[in-house]
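**Student:** Below are the chains, spelled out letter by letter.
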Amino acid sequence: MEDAADRIAHPWGPRVPYGRHETWPARVDTFLADGVEPGAVQRWVQAASILHSDGDAMDIAVADGRMVGVRGRDVDRVNRGRLGPKDLFGWQANASRDRLTRPLVRRNGQLVETDWDTAMDLVAARSRALLEERGPGSIGFYTTGQLFLEEYYTLTVLARAGIGTNHLDGNTRLCTSTAAEALKETFGCDGQPGSYDDFDHADVIALFGHNIAETQPVQWMRLLDRFEGADPPRLLCVDPRPTRVAERAAVHLAPRSGTNVALLNALLHETIRHGWIDRDFIAAHTVGFDELAARVADCTPRWAAEICDVPAARIEEAAELVGTTDQLVSTVLQGVYQSHQATAAAVQVNNLHLIRGMLGRPGAGLLQMNGQPTAQNTRECGANGDLPGFRNWQNDAHVADLARVWNVEPETVPHFAPPTHAMQIFRYAEQGSLRMLWISGTNPAVSMPELSRMRSILSQDRLFTVVQDLYLTETAQLADVVLPAATWGEKTGALTNADRTVHLSEKAVEPPGEARPDLDIFLDYARRMDFRDKDGGPLITWDGPESAFEAWKRCSAGRPCDYTGLSYALLRDTSGIQWPCDERNPRGTARLYTDGISWAHPDVCESYGKDLETGASQEAVEYRSLNPDGRAMLKAAAYRPPHEEPDEQYPFQLTTGRTIYHFHTRTKTGRAPQLNDAAPDVWVEISTGDAERLGLGEGDLVEVGSRRGALRGRLRVTGIRAGLLFVPFHYGYWDTGGGSGPGPDTPGRAANETTVTDWDPVSKQPLFKTAAAALTLLERGDGRPSPAPTTTASAPAAAGVVPPTSGGPAAHTMRQEPTQFPHGHEEGAR
Amino acid sequence: MNGITLTLRTLHRGERHLAHHLVTVAERHRTEHEVHHVATDLALWSREHVRRLAEAGAEHGVKLGDPPDPSSDGVLATLREKASEAVVHRPEPGLLLLRDLRELHVAAAENSLHWEMLAQAAQASKDSGLLALASSCHPRTLRQMRWTNTMIKHLAPQILTSL
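Here the protein sequences line up with chains A and B, keeping their order.
Position one of the first sequence corresponds to residue 0 (numbering that gives the first Met the number 0), numbered consecutively onward.
Position one of the second sequence corresponds to residue 0 (numbering that gives the first Met the number 0), numbered consecutively onward.
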């Protein structure tokens, strides 16, 4: 049976209803390039998506050495065969004609093609010179959430033990560092407590700043399927935009930006006041309840209503929804993580689950989400401002253990201070103490806040920048050396999604030209630098993905993210498996903390914690006295007003965000025609009330300006919260005349022209959700609509004013009947 | 004047000084974004301490002033911020930053010791109002100290090895 469907017009596809506590039925989504018949596919190669954090398992169709399509893997419990629009269409960007195929070096101000030896010798020579003249602190690495586990681990070893620098972080700082930090603050250690399977059992699902319909569209399909089945879940949605989640919510709260802590403290206040708490759980598994109760004692719904600009009655309804259900799942994402008081707010969601005893059971779970596909690997491999395997940099025994794994002296691994976070790495580059920055798989010239500052840092003559990417991105255009990398489908590696599911993603086709896997590039560098262990042997003992995976297994042994039970062969045989996977849990682990809190003891915890308001570090002795038995910590925080509030000059709040059709800075999705056509250019969202008051309408060309800079876009009038503007952050300059930034004929287009350089002092995640901005009309619309999609949160408030977003025949996909999986292993870990 | 009013007066002066110093440091290090924002936030704690000490002073017959007006030296503040932006690409202000953080730490430590004295005197004289004040404010002073210590610990290695 084939069911043609335009998956641009219908991003979530058709429904397969199922009831509460049942297994999510399969639905296999397939897309083959125009003119390719299913019979023409010669091989299907196992992979998983790298265009979001969901970890959708998929197979790549190959014919005549080319990728010709994709198909969801119905055997995998993460997606049961479903694919989102980015999964279905994004792979086409691999074959884009503007892929980098040769290394580039800057000569006389111009980037010119060269060979690998020349480029890598240049990088190695500069590294050696800097090590000699200025020491390891002059070299930094800024990586991503989009490589594979083996690549992060190799980068970590060469940076931390080879170069010996503390300056290695990922762009995961921008997407998931608050998730990791909130888990460390509450549970003493990183590690996602819940599982996506909890969605099958939940009665109430609370989504805090998480537009799951667009960021993890396949899990939204799961919820949509449950809505059509028996005993559907009820939703609490906290989001200032009229998302699809908000439309379906039993209670929707659209608070003022930057007030999450006030709202959550009121929810906790109500939960405690009504006695909707699990006293046995609190007594057995937590410390700090009295302090929390005291902190929220005055945080009434009426108090929060004033701050959040949400009716007190709605807050009471929300509290009743989460306070009285028997199975609560909460998820948290960028509306919390990229906002003011990020960690303090995310921790209050943990607190809600702890005082309600909603942890470690099917349908009673907590998901502190990620934005990027392999952000979890950046975290666990130690490329995200942590030590590998969730080891504690303040605990000498942990550092000694890591040094043992690497066969180096403990002093070789810098641990006199926490690994430097990205915002500080860029600051060191700005003030001149960091002289070489190697950027892999990310595009800070578009994704970082305050882009004029970013460009001025990256364009400095004294800073030697190496950029490793697929295309000549805005950042690559400012580099001294550009290294062409292979990507998904052109290289093999493992990746772990937001619910700890490890997938193998295999090489299906050859990379273009001389492009190389990121792993090969790092290994080449390590060879040229001749990094040695303490016995004079090579520091890096592996030479390919599988041997790198085996090396990582040794590093993860006995740690919370234990991979020792996994292998490439097992992952090929069974599809995704959730870590920890070891001798005791050979088929993986669906949920953490099913039997108490396991990684918070002072001797094993990853972090001794921080002050939730100042970010000041706690020392071991304080931690030991507060939490001697290693329980979950209920940490309270007071609400503080955002640092930048609207005023006469900048009367709006400005928030940035995402759309379902694009990922990050559009490097791939902007090169996939169906995705690009669905959302081809930047836009600005405004509420109906504000538009009426200012006499503005659909399609008007406006400028959004802040104290940092400005951008132009066409206006979309929506049901967004009054007083708030929204701009998607995906758009940059590679497909404009400006190249790497605005120019004489290229007005500002990137949302981050306007954002502020300010970050959560606890997680060091930058703030993208709380800036003050002004709106100016530049030109009346000419009848053409704003380029914003109509299918999602950017839908126009008034029906019929804008033609609906559709993909036409080019976006038609096939739906296949699920086939019997030969391995008979459908349910994953218990 | 007795010992309690003397301590109130000393502490009031100390918190006023710290509030002002935190704001000044925030302005002087406008381009050290975390220092700028957190120091600005921490100044609010000291301002609140000043206000509450003035209230306690009034109850004990001592007239103590209001917190410093944060906008009183607007021109100087702008100058400090502009100066910081002018040397954004220089490493040397790092040394000044370490000195400023050290001075903030010492100022907070002095306040902490005075809060300790006030709490002890309040217990000895069974002054529950003063004891409540000290119990409520002192932890924040300790957090100010912990923050300056953390920032010094994190920033010193790079600043001191790169000059």
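No wet-lab data here; the hints were simulated from the structure.
From the three backbone atoms N, C-alpha and C, an ideal C-beta is built for every residue, glycine too.
Please note: incorrect hints may appear among the correct ones.
[What the hints assert, rightly or not] A few chain A residues that don't get close to chain B, going by computed Cβ distances all over 12 Å:
hint : residue
1    : Arg42
2    : Trp43
3    : Ile281
4    : Ala304
5    : Pro413
6    : Leu433
7    : Gly536
8    : Val603
9    : Arg783
10   : Arg814
[As the list claims (entries may be wrong)] Just the calculated beta-carbon pair ranges, DEER-fashion:
hint : chain 1 : residue 1 : chain 2 : residue 2 : range
11   : B       : Ala108    : A       : Ala293    : 25 to 33 Å
12   : A       : His273    : B       : Glu102    : 42 to 50 Å
13   : A       : Glu305    : B       : Arg50     : 43 to 51 Å
14   : B       : Leu97     : A       : Ala619    : 20 to 28 Å
15   : B       : Arg101    : A       : Ala619    : 41 to 49 Å
16   : A       : Ala399    : B       : Leu97     : 27 to 35 Å
17   : B       : Thr77     : A       : Leu693    : 38 to 46 Å
18   : A       : Arg692    : B       : Arg50     : 32 to 40 Å
**Student:** Next, verify each hint and record whether it holds.
**Tutor:** Structure-based check of each hint:
1. Look at Arg42(A): its CB is around 50 Å from the nearest CB on chain B, clear of 12 Å, so calling it non-interface holds up.
2. No beta-carbon of chain B is positioned within 12 Å of the beta-carbon of Trp43(A); the least distance is around 49 Å.
3. At the 12 Å boundary, the C-beta of Ile281(A) stays outside the reach of chain B, the nearest C-beta of that chain being 23 Å off.
4. Every C-beta of chain B lies more than 12 Å from that of Ala304(A), the closest at about 23 Å, which supports listing it as non-interface.
5. Taking the minimum C-beta to C-beta distance to chain B, about 8 Å, the non-interface status of Pro413(A) is violated against the 12 Å cut.
6. With a least CB separation of 8 Å from chain B, Leu433(A) falls inside the 12 Å interface cut-off, contrary to its annotation.
7. The beta carbon of Gly536(A) sits about 29 Å from the closest Cβ of chain B, which is more than 12 Å, so the claim that it is off the interface holds.
8. Under the 12 Å C-beta cut-off, the non-interface status given to Val603(A) relative to chain B holds; the minimum distance is some 23 Å.
9. Listed as a non-interface residue, Arg783(A) keeps its Cβ farther than 12 Å from every Cβ of chain B; the least gap is roughly 40 Å.
10. Non-interface status of Arg814(A) relative to chain B is upheld: no Cβ of that chain comes within 12 Å, the nearest being about 50 Å off.
11. Here the CB-CB span from Ala108(B) to Ala293(A) is close to 27 Å, well matched to the stated 25 to 33 Å.
12. Checking the proposed 42 to 50 Å range against His273(A) and Glu102(B) shows it holds: the Cβ atoms sit about 48 Å from each other.
13. For the pair Glu305(A) and Arg50(B), the supplied restraint of 43 to 51 Å is violated, since their beta-carbon distance comes to about 21 Å.
14. At roughly 25 Å, the beta-carbon separation of Leu97(B) and Ala619(A) lies within the given 20 to 28 Å, and the hint holds.
15. One distance hint, 41 to 49 Å for the beta-carbon pair Arg101(B) and Ala619(A), is violated here, with the actual separation near 24 Å.
16. Separation of Ala399(A) from Leu97(B) is about 30 Å and conforms to the stated range, judged on CB atoms against 27 to 35 Å.
17. A hinted range of 38 to 46 Å for the beta carbons of Thr77(B) and Leu693(A) is inconsistent with their spacing of about 31 Å.
18. For the pair Arg692(A) and Arg50(B), the supplied restraint of 32 to 40 Å holds, since their beta-carbon distance comes to about 38 Å.
Consistency with the previously given hints fails for numbers 5, 6, 13, 15 and 17, ordered from lowest to highest.
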